[in-house]
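Novice: Sequence:
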Amino acid sequence: MEVSATEQQEVVERFLAAVTGGDLQGLLDVLAPDVVFVADGGGIAQAITQPVNGAKKVANLLRAFPKFGAGAQVFPILLNGALGARITGVDDGFDTAISFVVEEGRISQIFAVRNPAKLSRLDVESTLSR
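70 is the number that numbering that gives the first Met the number 0 gives to position 71 of the sequence shown; each next residue is one higher, with no gaps.
To be clear, the hints were calculated from the coordinates, so they are not data collected in a lab. Treat the hints loosely; a few may be bogus.
[Claimed, not checked] Taking CB as the label site, the calculated pair distances span:
no.	residue 1	residue 2	range
1	S107	Q49	14 to 22 angstroms
2	I47	I76	19 to 27 angstroms
3	G53	G21	18 to 26 angstroms
4	T5	T48	29 to 37 angstroms
5	P75	E103	32 to 40 angstroms
[Unchecked claim] With a straight-line Cα cutoff of 20 angstroms, these simulated SDA-like cross-link-like pairs (lysine to any residue) come out:
no.	residue 1	residue 2
6	K56	Q24
7	K117	G88
8	K55	G25
9	K56	G92
10	K56	G25
11	K56	T87
12	K117	I47
13	K56	D22
14	K55	Q72
15	K56	N79
16	K55	G92
17	K117	A31
18	K56	Q108
19	K56	Q45
20	K55	L27
21	K55	G80
22	K117	G92
23	K55	E103
24	K117	K55
25	K117	P32
26	K117	K56
27	K55	A16
28	K55	T87
29	K117	A54
30	K117	G83
31	K117	Q49
32	K56	V37
33	K55	G88
34	K56	L77
35	K117	A96
36	K117	V37
37	K55	N79
38	K55	A81
39	K117	A81
40	K56	F110
Glycine included, every Cβ here is placed at the ideal spot set by N, Cα and C.
Just need the whole structure built from these sequences, with the hints factored in.
Specialist: Here you go:
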């Protein structure tokens, strides 16, 4: 079932506030109990190599955000037509793009891409033709 852009925005904003604020309970509230977190570092950027399953495990993984470095910033961006997030200024020099699947008011899937080859067009605006 597809969610509205408004619902996607509300859920992602709650997620970002919880991550940047170190709010474990806030993370648990916005994550579906069976959430799956998948990452792609492309063998270049550090990333988890196996999916992480379950709200508690994913929340504990995401609590590491402050360890990215003092200059790390998280902000919302549009990815494939839906609200996602981007992390810049990480100490290892690699940005991260994060997309979400929202179902029934909670995040059920998180995809974090750190592979520089896949992020090269992130700053490029595309013109769509009809």
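Novice: Hint by hint, say whether it matches the structure.
Specialist: Outcome of the hint check:
A beta carbon spacing of about 18 angstroms between S107 and Q49 agrees with the range 14 to 22 angstroms that was offered as a hint. Under the hint 19 to 27 angstroms, the C-beta atoms of I47 and I76, about 21 angstroms apart, fit the expected range. A C-beta distance of roughly 20 angstroms is found between G53 and G21, which places it inside the suggested range of 18 to 26 angstroms. At roughly 35 angstroms, the beta-carbon separation of T5 and T48 lies within the given 29 to 37 angstroms, and the hint holds.
Between P75 and E103 the Cβ separation comes to about 21 angstroms, which falls outside the hinted range of 32 to 40 angstroms. Using a Cα cut-off of 20 angstroms, the hinted pair K56 and Q24 holds, with the two alpha carbons roughly 13 angstroms apart. Annotation: proposed proximity of K117 to G88 holds, straight-line Cα distance about 18 angstroms (limit 20 angstroms). This hinted pair checks out: K55 and G25 have alpha carbons roughly 12 angstroms apart, not beyond 20 angstroms.
A C-alpha spacing of about 26 angstroms is found between K56 and G92, which places the hinted pair above 20 angstroms, so the restraint is violated. A threshold of 20 angstroms between alpha carbons decides the hint, and for K56 with G25 the separation of about 14 angstroms falls inside it, so the pair holds. Using a Cα cut-off of 20 angstroms, the hinted pair K56 and T87 is violated, with the two alpha carbons roughly 24 angstroms apart. Distance restraint check for K117 and I47: the Cα-Cα separation of roughly 16 angstroms lies within the 20 angstroms cut-off, and the hinted pair is therefore satisfied.
With a C-alpha separation of about 14 angstroms, the suggested pair K56 and D22 falls inside the 20 angstroms cut-off, and the hint holds. Using a Cα cut-off of 20 angstroms, the hinted pair K55 and Q72 is violated, with the two alpha carbons roughly 24 angstroms apart. A hinted pair counts as satisfied when its Cα atoms are at most 20 angstroms apart, and K56 with N79 does not qualify at roughly 27 angstroms. Taking the CA atoms of K55 and G92, the gap is near 28 angstroms; set against the 20 angstroms cutoff, the hint is violated.
As the CA atoms of K117 and A31 are separated by approximately 27 angstroms, the hinted pair breaks the 20 angstroms bound. For the hint pairing K56 with Q108, the CA-to-CA distance comes to about 13 angstroms; that is within 20 angstroms, so the pair holds. A distance of roughly 18 angstroms separates the Cα atoms of K56 and Q45; the hinted pair therefore holds under the 20 angstroms criterion. The hinted pair formed by K55 and L27 meets the criterion: a straight-line CA distance of about 7 angstroms does not exceed 20 angstroms.
Between K55 and G80 the alpha-carbon distance is near 28 angstroms, which puts this suggested pair outside the 20 angstroms criterion. Between the alpha carbons of K117 and G92 the distance comes to roughly 15 angstroms, so the proposed pair stays at or under 20 angstroms and holds. For the proposed pair K55 and E103, the alpha carbon gap of about 18 angstroms is at most 20 angstroms, so the pair holds. Under the criterion of a C-alpha separation no larger than 20 angstroms, the hint pairing K117 with K55 is inconsistent with the structure, at around 29 angstroms.
Between the alpha carbons of K117 and P32 the distance comes to roughly 29 angstroms, so the proposed pair goes past 20 angstroms and is violated. Taking the CA atoms of K117 and K56, the gap is about 26 angstroms. The hint is violated against a cut of 20 angstroms. With a C-alpha separation of about 17 angstroms, the suggested pairing of K55 with A16 holds against the 20 angstroms cut-off. Distance check on the hinted pair: K55 and T87 sit about 25 angstroms apart at the alpha-carbon level, beyond 20 angstroms; violated.
Among the hinted pairs, K117 with A54 is inconsistent with the structure: their alpha-carbon atoms are about 27 angstroms apart, more than 20 angstroms. Taking the CA atoms of K117 and G83, the gap is near 15 angstroms; set against the 20 angstroms cutoff, the hint holds. A threshold of 20 angstroms between alpha carbons decides the hint, and for K117 with Q49 the separation of about 19 angstroms falls inside it, so the pair holds. Using a Cα cut-off of 20 angstroms, the hinted pair K56 and V37 holds, with the two alpha carbons roughly 12 angstroms apart.
At most 20 angstroms may separate the alpha-carbon atoms for a hinted pair to count; K55 and G88 exceed this at roughly 27 angstroms. Restraint check: the Cα-Cα separation between K56 and L77 comes to about 26 angstroms, which exceeds 20 angstroms; the hinted pair is violated. For a cut-off of 20 angstroms, the pair hint linking K117 to A96 stands: about 10 angstroms separates their Cα positions. Among the hinted pairs, K117 with V37 is consistent with the structure: their alpha-carbon atoms are about 15 angstroms apart, no more than 20 angstroms.
Distance restraint check for K55 and N79: the Cα-Cα separation of roughly 28 angstroms exceeds the 20 angstroms cut-off, and the hinted pair is therefore not satisfied. Pair hint K55 plus A81 does not hold up; C-alpha atoms about 25 angstroms apart against a cutoff of 20 angstroms. Taken as a hint, the K117 and A81 pair is honoured in the structure, with Cα atoms around 18 angstroms apart against an allowance of 20 angstroms. For the hint pairing K56 with F110, the CA-to-CA distance comes to about 15 angstroms; that is within 20 angstroms, so the pair holds.
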